[in-house]
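Residue numbers (my numbering), protein chains in the order written: chain A, 382 to 495; chain B, 142 to 250.
What the hints contain is simulated information worked out from the structure, not anything from laboratory work.
There's no promise every hint is true.
Stated by the list, open to error - If we take Cβ atoms under 10 Å as the criterion, some of the chain B residues that face chain A in the derived model are:
(1) Phe-175
(2) Gln-179
(3) Lys-186
(4) Ser-190
(5) Thr-226
(6) Lys-237
(7) Ile-239
(8) Leu-247
(9) Pro-250
Keep in mind it's a predicted model, so treat the numbers as computed, not measured.
Using N, Cα and C, we set each Cβ at its ideal position, and we do this for glycine too.
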Amino acid sequence: GAVVSQHPSWVICKSGTSVKIECRSLDFQATTMFWYRQFPKQSLMLMATSNEGSKATYEQGVEKDKFLINHASLTLSTLTVTSAHPEDSSFYICSAPRRGVTQYFGPGTRLLVL
Amino acid sequence: RKEVEQDPGPFNVPEGATVAFNCTYSNSASQSFFWYRQDCRKEPKLLMSVYSSGNEDGRFTAQLNRASQYISLLIRDSKLSDSATYLCVVPDSSYKLIFGSGTRLLVRP
Chain A
382 GAVVSQHPSW VICKSGTSVK IECRSLDFQA TTMFWYRQFP KQSLMLMATS
432 NEGSKATYEQ GVEKDKFLIN HASLTLSTLT VTSAHPEDSS FYICSAPRRG
482 VTQYFGPGTR LLVL
Chain B
142 RKEVEQDPGP FNVPEGATVA FNCTYSNSAS QSFFWYRQDC RKEPKLLMSV
192 YSSGNEDGRF TAQLNRASQY ISLLIRDSKL SDSATYLCVV PDSSYKLIFG
242 SGTRLLVRP
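Construct the complete structure from the given sequences, taking the supplied hints into account.
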């Protein structure tokens, strides 16, 4: 069964609005979670590392003020896309390591900004 | 040189064929390696982990060559349901996953 969940699975919003995506680890604690973005026909690109109880670490080129990450508990990390624009339309996926190095992915959130 | 490189394919094979994908990595200190499978519009799902020289699970065999820094994935007796993109993944020292660009496989009837 699933070990990482994401919500919502898809969202359509107007340009300028903010969208929050939740990532939950099921039945295990994750002090670290990862957020990725995937554009059509491309591989996953790591956006940031979410750290429970501290600030997220962003990859080069990812705006921390635009992609707000909060890891408030050991089972929940949220990604908020602020003032979304059409170019932010993408497939957003989170992952969490379980039992060491092996990471499990959430089912992803498909975002379409009109 | 990219940290993890794969042949993008696509590999177009008939049912029942054997197909092999290669992946090269640049960090000689890497200790663990993974093959994930990603279906269209879905999240990646773990297919195999490789920690030593190799791993076998049914029709799937992964082999690791540390000297040449490559990992291979062999699929025997291909099924239509094997059609997907196969991602070679190598974690870095901080557990970040470094992805290859993926190899597309299409198994035809």
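Cross-check of the supplied hints:
{"no.": "1", "hint": "Phe-175", "result": "holds, 7 Å"}
{"no.": "2", "hint": "Gln-179", "result": "holds, 8 Å"}
{"no.": "3", "hint": "Lys-186", "result": "holds, 7 Å"}
{"no.": "4", "hint": "Ser-190", "result": "holds, 6 Å"}
{"no.": "5", "hint": "Thr-226", "result": "holds, 9 Å"}
{"no.": "6", "hint": "Lys-237", "result": "holds, 6 Å"}
{"no.": "7", "hint": "Ile-239", "result": "holds, 8 Å"}
{"no.": "8", "hint": "Leu-247", "result": "violated, 14 Å"}
{"no.": "9", "hint": "Pro-250", "result": "violated, 24 Å"}
In the structure shown, a violation is registered for the earlier hints numbered 8, 9, in ascending order.
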